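There are 4 protein chains.
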Amino acid sequence: MNLEKPKWPDGKKCAAMLTINLNAELFWLQIDPSCKDMPKTLSLGQYGMTRGVDRILSILKERGIKATFFTPGWVAEQYPDKLKKIKEEGHEIASLAYKHENMALLTEEEQEEAMKKGIEAIQNVCGVTPVGFRAPEGELTLDTLRIAKKYGMHYSSNLCDDDRPYQKDLENGETLLEIPIHWDNYDLPYFAFNYHPAFPKGQGRIANYTGVINNWKDEFYGCYEYGLCYVLQLDPAAIGAPGRIGLLEELLDYIDEFDSVWWTSGEEMYQGNTNEKRKERKMHALTNALKIINAFFANIVPIGDILWTFPQNFSWYANIPIIGSIPFAIYLLLGMGIYF
Amino acid sequence: MNLEKPKWPDGKKCAAMLTINLNAELFWLQIDPSCKDMPKTLSLGQYGMTRGVDRILSILKERGIKATFFTPGWVAEQYPDKLKKIKEEGHEIASLAYKHENMALLTEEEQEEAMKKGIEAIQNVCGVTPVGFRAPEGELTLDTLRIAKKYGMHYSSNLCDDDRPYQKDLENGETLLEIPIHWDNYDLPYFAFNYHPAFPKGQGRIANYTGVINNWKDEFYGCYEYGLCYVLQLDPAAIGAPGRIGLLEELLDYIDEFDSVWWTSGEEMYQGNTNEKRKERKMHALTNALKIINAFFANIVPIGDILWTFPQNFSWYANIPIIGSIPFAIYLLLGMGIYF
Amino acid sequence: MNLEKPKWPDGKKCAAMLTINLNAELFWLQIDPSCKDMPKTLSLGQYGMTRGVDRILSILKERGIKATFFTPGWVAEQYPDKLKKIKEEGHEIASLAYKHENMALLTEEEQEEAMKKGIEAIQNVCGVTPVGFRAPEGELTLDTLRIAKKYGMHYSSNLCDDDRPYQKDLENGETLLEIPIHWDNYDLPYFAFNYHPAFPKGQGRIANYTGVINNWKDEFYGCYEYGLCYVLQLDPAAIGAPGRIGLLEELLDYIDEFDSVWWTSGEEMYQGNTNEKRKERKMHALTNALKIINAFFANIVPIGDILWTFPQNFSWYANIPIIGSIPFAIYLLLGMGIYF
Amino acid sequence: MNLEKPKWPDGKKCAAMLTINLNAELFWLQIDPSCKDMPKTLSLGQYGMTRGVDRILSILKERGIKATFFTPGWVAEQYPDKLKKIKEEGHEIASLAYKHENMALLTEEEQEEAMKKGIEAIQNVCGVTPVGFRAPEGELTLDTLRIAKKYGMHYSSNLCDDDRPYQKDLENGETLLEIPIHWDNYDLPYFAFNYHPAFPKGQGRIANYTGVINNWKDEFYGCYEYGLCYVLQLDPAAIGAPGRIGLLEELLDYIDEFDSVWWTSGEEMYQGNTNEKRKERKMHALTNALKIINAFFANIVPIGDILWTFPQNFSWYANIPIIGSIPFAIYLLLGMGIYF
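Chains as they are written, first to last, in this note's numbering: chain A, 17 to 356; chain B, 17 to 356; chain C, 17 to 356; chain D, 17 to 356.
Note that these hints are calculated values from the structure, not bench results.
One should not assume that every hint holds.
Said to hold, decoys possible - Okay, derived cross-link-like pairs now, DSS-like style, lysine-lysine, Cα gap no bigger than 25 Å in a straight line: (1) K103/A to K77/A; (2) K295/C to K29/C; (3) K77/D to K21/A; (4) K21/B to K77/A; (5) K103/A to K21/B; (6) K23/C to K295/C; (7) K52/C to K77/D; (8) K165/B to K293/B; (9) K28/B to K217/B; (10) K21/A to K100/D; (11) K21/C to K100/B; (12) K165/A to K52/D.
Being a predicted model, the structure only gives us computed values, none of them experimental.
Okay, chain A solo, but in the shape it has when bound (with noise of 0.2 Å):
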């Protein structure tokens, strides 16, 4: 799949993925643990927990919209009930370490205990076992990325180097999905801000928010236009604010004016790069062919009603077409053709 102009489901021209991450407070606590008895540092984190994730929620579900939420196991232990309500609405929960570590920071045995808290956790709080991996603001190591696929983790969504998902060879002759991500695209660097423990750490102004919006507008403009996958990163504490929610809800309206892009998430990314779902895909697109030529032929040919029928799990999921007349089997040679 990682090919200069990746092939998206249905022939959809590029992907798009809304990722956010529950920071909470662990975000300053990691800054500085002395804020453990600072209620205010503390309450910038909060705010996303309650307000932020629900103002996200209610957007993503006027428009129908499936994110993947990472989540460090503590927050979901402090907050199940918001948890729970981001399960129940549909959406992908994935794993964000247990406490925010910094994983390159830590050794192999600790790392494991992080994954392991972290994932369990969430089993315990929604019920799910998750299949996403994003580490914390922090570092990581390729033992942490070796820990995750040990720990059950499908994919990986940690890198930069990349603009659409890639199998990462992990060195040890096994690989792991991994769907990039970039700073650019992530609100907190933007807007995150306080006094003590100073963040920035120079103290540098809150960006202007248009200026944010039209930056994100332009990397999803630049990957419509090279067929990429856009994954945005929030942090509710920080797009949750009322002057800030609306830079959500633009940059969704305006990405709704483009046809042909895949709404998607991390779990069914994953379930599109098995083999099984990359077979599936190739037999989908052989359909595709089959009804264009099929439309082209049907006044030459007419054949009544079209004999397959198109069963969907996900957003991109279509079976093996049932076949039953000549025409259609030298429809198909044509439309392999065309394919391959």
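Given chain A, put chains B, C and D in place with the hints provided.
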């Protein structure tokens, strides 16, 4: 009052509060105490008192808006004339501790001392006792809020975990009204600048004025749409510059375009959150409901002049209606059906 | 002159001053003295002298504006030709100490030394004695201002506590005319950038040019509306870039749209603040009043040619009117009634 | 060539150079060598090589622009295919040392080593010998430039003290052609971002794309108006993002609107600055003058076909005209009168 759609007095759609922090030179002295011998750095803060305050007052007077001025006791003592003027023009004076202390770094005793001295200075200079408290730029602990309560403060305006007032649990069986604030709606983080001592520490650029006013408008717009409480924080040294005072005017013009905004102060917000006031507000909602029903039935059962009156104390206070007719009793029941 | 609405010569509505700081490579050497062996970093400041100054001079010449160039003595010695050219084109040369010293960190003796050497270098290179002083980017103490006065400086342009000139109390029974400045109206903090040594320290982004020019316009507009003194600070290394010099032109075009702006230099501002000049200005106001009254009565009591003349020294200097008629005496009394 | 209005080949009004720095992951490794085990941080730089370079190349090909790619030897060795592709598409390969060393921190011997290895790697991978040198982000000393000259570099592109090429005095009796650069015209300082290791150090916000493209346009416009040499610096990891590559296209479209821009590379610029080329250019100016004169006299003294030809080597090379008529001799004298 901590509902998803809070109810504001007189059925207003949202609340708006203008709060001014008289940091004066203390902002710089807190960053680096050696500034005390550096007239240039001190002058950055003094500007707010010599020029900025008057500009803000003149705009507020013109528009009939009452604001809340948070002042450190020390600033009240240094600039008694400005403080008296603020008081005389009908604004609320609230406490910003004594000498802009970072409350989180003080012992409980030191915090009490700062709280007491801050309140006394306001009493001495302005002849009023403040009922609201904001901690200087730094941080606070739960102790700070408990001490504020102990020293007679009826509300705090410090935390960032909500966008409407709520009763903060002090974890000692008591609560304190919290009127939350947000960094986005504060001028200092966008505009303050100096080389030595460096602020911002990383020496980021002074923000684009147009970008800032747009952020503020977006935040107000969001507060309005969601029916929240918009709280702007201003430092006269930042907003008071000749080229920035116009941003305040532009923002107020913008807010004026919206119907149904409840301009309030911290004190009024508190008064609207006492038990007594909450009861009054319920009765008021009732009479409003009745008015609507009455207008509806007026064609069918004419009852002449309506029998209640609305003496108004602040901007939102309503007496219990004097009832005197049978049809009225019917309306009453209907009204209760609508509102409860 | 420290009134809410200061009175400017010739009844002008506001004052405007262009001040240029010839920091040259000293800006970088002050940040990190080891730059002396780093040609790339030095080249950032040298650019201002090799290219920037000429571009500024050419614009000022075209528009007939006289500016004030603050120069460290060392820069005058290093770039004597540029300094002579500045002098020859009629601009004021003022002092920026000797080698861009942070005055607040020096002993009184060291400060005197820097002051003396700075003045002497200007005398040697340009043949003029500066009468104004600005401390390099760093800081100053009250001692610095006392030393400036002692060494013949008639004004300082360092503090930020007002937006019009005022007599600064030196707390030794003396005062010194202060022409305040503001960070917002300075190009360096918006544009200076380097990796090693890092500037700004936090490596914040070079500002959006459009945002900067808009801030400057807003500040001028405010100064105009309030009748203040707009003081722009420029470093030729910042404004002198091919793409930024246009910002200066755009700003000057903008200011040109406003009637009644008094373009002045530090020296002229000082001259307008001597006791003698203040008296003259009062008389000038009087004659202006009389002109208006005369025009008004002209139809009733024609008095032929008006009897006074206005030899003008700088841009605002007016002689005492020569009075010669009875009706004039009446006008005089009426005029005094209006103006005092 | 260091004139206020430099003369460009073919009478072009200004020069424009596109230079690309292939920093790849070395940018991050220089900030913090421990990144070598952090795949996320490395991926930020790798993105430039995996995706960014191809996007740039495709745009340059479409428009027929030849750029100069500065590469550390190590990057050439790591990404030989990309480097070969760059070479094959006709761009210049120049040296960015070996492993992105901060030259100012090395001993002379270490600098020589870095220079040598950098050049050799390019020779081995691309089969060409670079003639231009840029020091990695860090700094350089005069020694660096002397070493560059010693190892066969014909030009340096490092300093910021001018906005047109000039002969830099190496203070050892030699000079080296310097093609100056400016931070404003570089994408990295606007866009690079990471949490750990932090870049920018103060974590300032990613710049507004619209603001950046406007700065670049303003700088080009100024260079055009003043007839200077516009040098853009790009890092494929910054400009190569799907939403930023459009900025390059927008800038090139903007430049296309201007007539008479000389698109050049470092190598061509150097060739235009050899003594031989300077002589040729004078002759070329002469022939141009003659053409004008000839056109003017054509009606009076028709001379049939013009007798000279212009074989062109690079974009600006002109042979000495073959002269064969009396009137021509007159024109020649007239032409010399005009041009010299």
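Cross-check of the supplied hints:
1. Restraint check: the Cα-Cα separation between K103/A and K77/A comes to about 12 Å, which is no more than 25 Å; the hinted pair holds.
2. Restraint check for K295/C and K29/C: satisfied, since their Cα atoms lie roughly 20 Å apart, inside the 25 Å limit.
3. Between the alpha carbons of K77/D and K21/A the distance comes to roughly 19 Å, so the proposed pair stays at or under 25 Å and holds.
4. Only pairs whose Cα atoms come within 25 Å are accepted, and K21/B paired with K77/A is accepted, the gap being roughly 19 Å.
5. Between K103/A and K21/B the CA atoms are separated by roughly 24 Å; this keeps the pair inside 25 Å, and the hint holds.
6. Distance restraint check for K23/C and K295/C: the Cα-Cα separation of roughly 13 Å lies within the 25 Å cut-off, and the hinted pair is therefore satisfied.
7. With a C-alpha separation of about 43 Å, the suggested pair K52/C and K77/D falls outside the 25 Å cut-off, and the hint is violated.
8. Annotation: proposed proximity of K165/B to K293/B holds, straight-line Cα distance about 20 Å (limit 25 Å).
9. The hinted pair formed by K28/B and K217/B fails the criterion: a straight-line CA distance of about 42 Å is larger than 25 Å.
10. Simply put, K21/A and K100/D have alpha-carbon atoms about 22 Å apart, close enough for the 25 Å limit, and the pair holds.
11. The suggested pairing of K21/C with K100/B holds, with an alpha-carbon distance near 22 Å, which does not exceed 25 Å.
12. Between the alpha carbons of K165/A and K52/D the distance comes to roughly 22 Å, so the proposed pair stays at or under 25 Å and holds.
Hints 7, 9 from the list above are not met by this structure, while the remaining hints are.
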